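Asker: Mind docking chain B on chain A? Use the hints.
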Amino acid sequence: MTNTTSVPELLSYTLNVNGRDHQVSDAELGENLLFVLRERLGLRGSKNACEQGECGSCSVLVDGRLECSCTMLAAAATGRQIVTVEGLTPSGDGLSEVQEAFVAEGAVQCGFCTPGLIVSVSDLLDRLPLATELEIREAISGNLCRCTGYGRIIAAVQAAQHARSAREALR
Amino acid sequence: MPVFVPASLEEAFAVLEGAPGAQLLAGGTDFMVEVNAGQRRPATVVALGAVPELKGWRLDGDEVVLGAGLTYTEMISPELAELVPGLAQAARTVGSPQIRNAGTLGGNIATASPAGDTLPMLMALGATMTLGRSDGGRRAVGLDELVVGPKRTTLQPGEVLLEVRVRAGAGRQEFLKVGTRNAMVIAVASAAVVVDFERRSVRVALGSVGPVVIRAEEVEREAAKLIDWDARRLVGPLEGSGDFGELVRTAARPIDDHRSTAAYRRHAAGVCVTRAFRRAFSSEESTAP
Numbered sequence: 000m001t002n003t004t005s006v007p008e009l010l011s012y013t014l015n016v017n018g019r020d021h022q023v024s025d026a027e028l029g030e031n032l033l034f035v036l037r038e039r040l041g042l043r044g045s046k047n048a049c050e051q052g053e054c055g056s057c058s059v060l061v062d063g064r065l066e067c068s069c070t071m072l073a074a075a076a077t078g079r080q081i082v083t084v085e086g087l088t089p090s091g092d093g094l095s096e097v098q099e100a101f102v103a104e105g106a107v108q109c110g111f112c113t114p115g116l117i118v119s120v121s122d123l124l125d126r127l128p129l130a131t132e133l134e135i136r137e138a139i140s141g142n143l144c145r146c147t148g149y150g151r152i153i154a155a156v157q158a159a160q161h162a163r164s165a166r167e168a169l170r
Numbered sequence: 000m001p002v003f004v005p006a007s008l009e010e011a012f013a014v015l016e017g018a019p020g021a022q023l024l025a026g027g028t029d030f031m032v033e034v035n036a037g038q039r040r041p042a043t044v045v046a047l048g049a050v051p052e053l054k055g056w057r058l059d060g061d062e063v064v065l066g067a068g069l070t071y072t073e074m075i076s077p078e079l080a081e082l083v084p085g086l087a088q089a090a091r092t093v094g095s096p097q098i099r100n101a102g103t104l105g106g107n108i109a110t111a112s113p114a115g116d117t118l119p120m121l122m123a124l125g126a127t128m129t130l131g132r133s134d135g136g137r138r139a140v141g142l143d144e145l146v147v148g149p150k151r152t153t154l155q156p157g158e159v160l161l162e163v164r165v166r167a168g169a170g171r172q173e174f175l176k177v178g179t180r181n182a183m184v185i186a187v188a189s190a191a192v193v194v195d196f197e198r199r200s201v202r203v204a205l206g207s208v209g210p211v212v213i214r215a216e217e218v219e220r221e222a223a224k225l226i227d228w229d230a231r232r233l234v235g236p237l238e239g240s241g242d243f244g245e246l247v248r249t250a251a252r253p254i255d256d257h258r259s260t261a262a263y264r265r266h267a268a269g270v271c272v273t274r275a276f277r278r279a280f281s282s283e284e285s286t287a288p
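So the sequence lines, in the order shown, correspond to chains A and B.
Taking numbering that gives the first Met the number 0, the leading residue of the first sequence gets 0, the next gets one more, and so forth.
Taking numbering that gives the first Met the number 0, the leading residue of the second sequence gets 0, the next gets one more, and so forth.
What the hints contain is simulated information worked out from the structure, not anything from laboratory work.
In this text the structure is predicted, and so the values were computed from the model without any measurement.
Heads up, the beta-carbon is just placed ideally off N, CA and C, and yes, glycines get one too.
One or more hints might be untrue.
Per the computed footprint, the stretches of chain A lying under chain B, defined by three or more beta-carbons under 8 Å from a beta-carbon of chain B, are [unchecked claim]:
(1) 26-32
(2) 43-56
(3) 61-67
(4) 94-102
(5) 157-170
Now the stretches of chain B that chain A is said to cover, found in silico as 3 or more residues with beta-carbon under 8 Å [as the list claims (entries may be wrong)]:
(6) 176-183
(7) 243-256
Negatives, chain B to chain A, calculated, CB over 10 Å [said to hold, decoys possible]:
(8) ARG40
(9) ARG57
(10) ASP143
(11) THR260
(12) ALA261
Looking at chain A on its own, in the form it has when it is part of the complex (with noise of 0.2 Å):
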């Protein structure tokens, strides 16, 4: 069993988040994610509400694919590169084009749900940076806003799009 990672009760393990190694540190089996993310590490960017992979505000970046950390074993995310709306966002009080874009269109109100859709729009410009409106909705169809309306959503995914294209012309 040389490779098998063995975690005991009272686990310790280490996660590697946004390019980070973290150590976590008596934790409990049962602990997801998205809490140990918030309530181990101080991450509080990710939100919780649903804790059924319902609502995609926990949305994060698991080896580069797109996940509900809710529904995520944390004593067994170790060893994958897991990325936050914390490490999508540049150092500093800068914003990125995704989240310049939210602000730009309006696509924020209470803000719960902003950071879920951040992690999941960011995600989708980078697979799909052409992105049709129908692709923008499918992609989204994992993230509940009950407050502002997707349509100023629907419009920042699109001004993100635009803003990144006009970017790339100009190199």
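Answerer: The following block gives chain B in isolation, referenced to the frame of chain A:
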């Protein structure tokens, strides 16, 4: 309460040898919901996400071998959708991009929910599941031998679902599902239809209208009579306004619950089957994926 993350199948079996009662964990999209709600407190978990032998898919002769760790997103990929279009259709109705990236075929089967979206299509395709044990023993079973009740399977302690085999490009395949919206919905009723022109066979399976997936053999027999195999078209009443509603309603064994009524489920299943047949014989390509 340890968590094991084996890096190979051999290592997974080595762990299971010492802890045969361990909880196997795939994508976690069902399991973690129960853990989060405090409904489940596993003593030992073996997470299979890093086992390379369970990942991906391959061709073996005229069969497609789907790893138990195949995600719904991978099922939708154009290369695989070409070979098993019905499974791609079913996968695309599952959850959201987040859920489709995490959830797996093996997890869907082993969870054995009556509403598992891949199960009706696996039944209609006549899929074979390969189960493995640490002593090297393997057995191949059909879906009806593996899933025997709501959330009940014949998987033995220490046994792992390894792969699923289906025939590549087995005729026209259609999957339909009824729910309250397109995304993030658990099926109220679903149906899978496979019309195999080469073998001149029809298979119909119903989801969410019984404790397990129901194969509707009476519908299959009646449908076969309505097919002109040489012309590849429907004849008789289905050409017009006829439907399989009554036969499907008889085959279904649904219950009333918080998601729907039994009566609506029977009706919806009938509509799904009839519509699936019309699509299977339509010259247009399927709409999804």
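Asker: Check each numbered hint from earlier against the structure, then list the numbers of those it violates in ascending order.
Answerer: 4, 5, 7, 8
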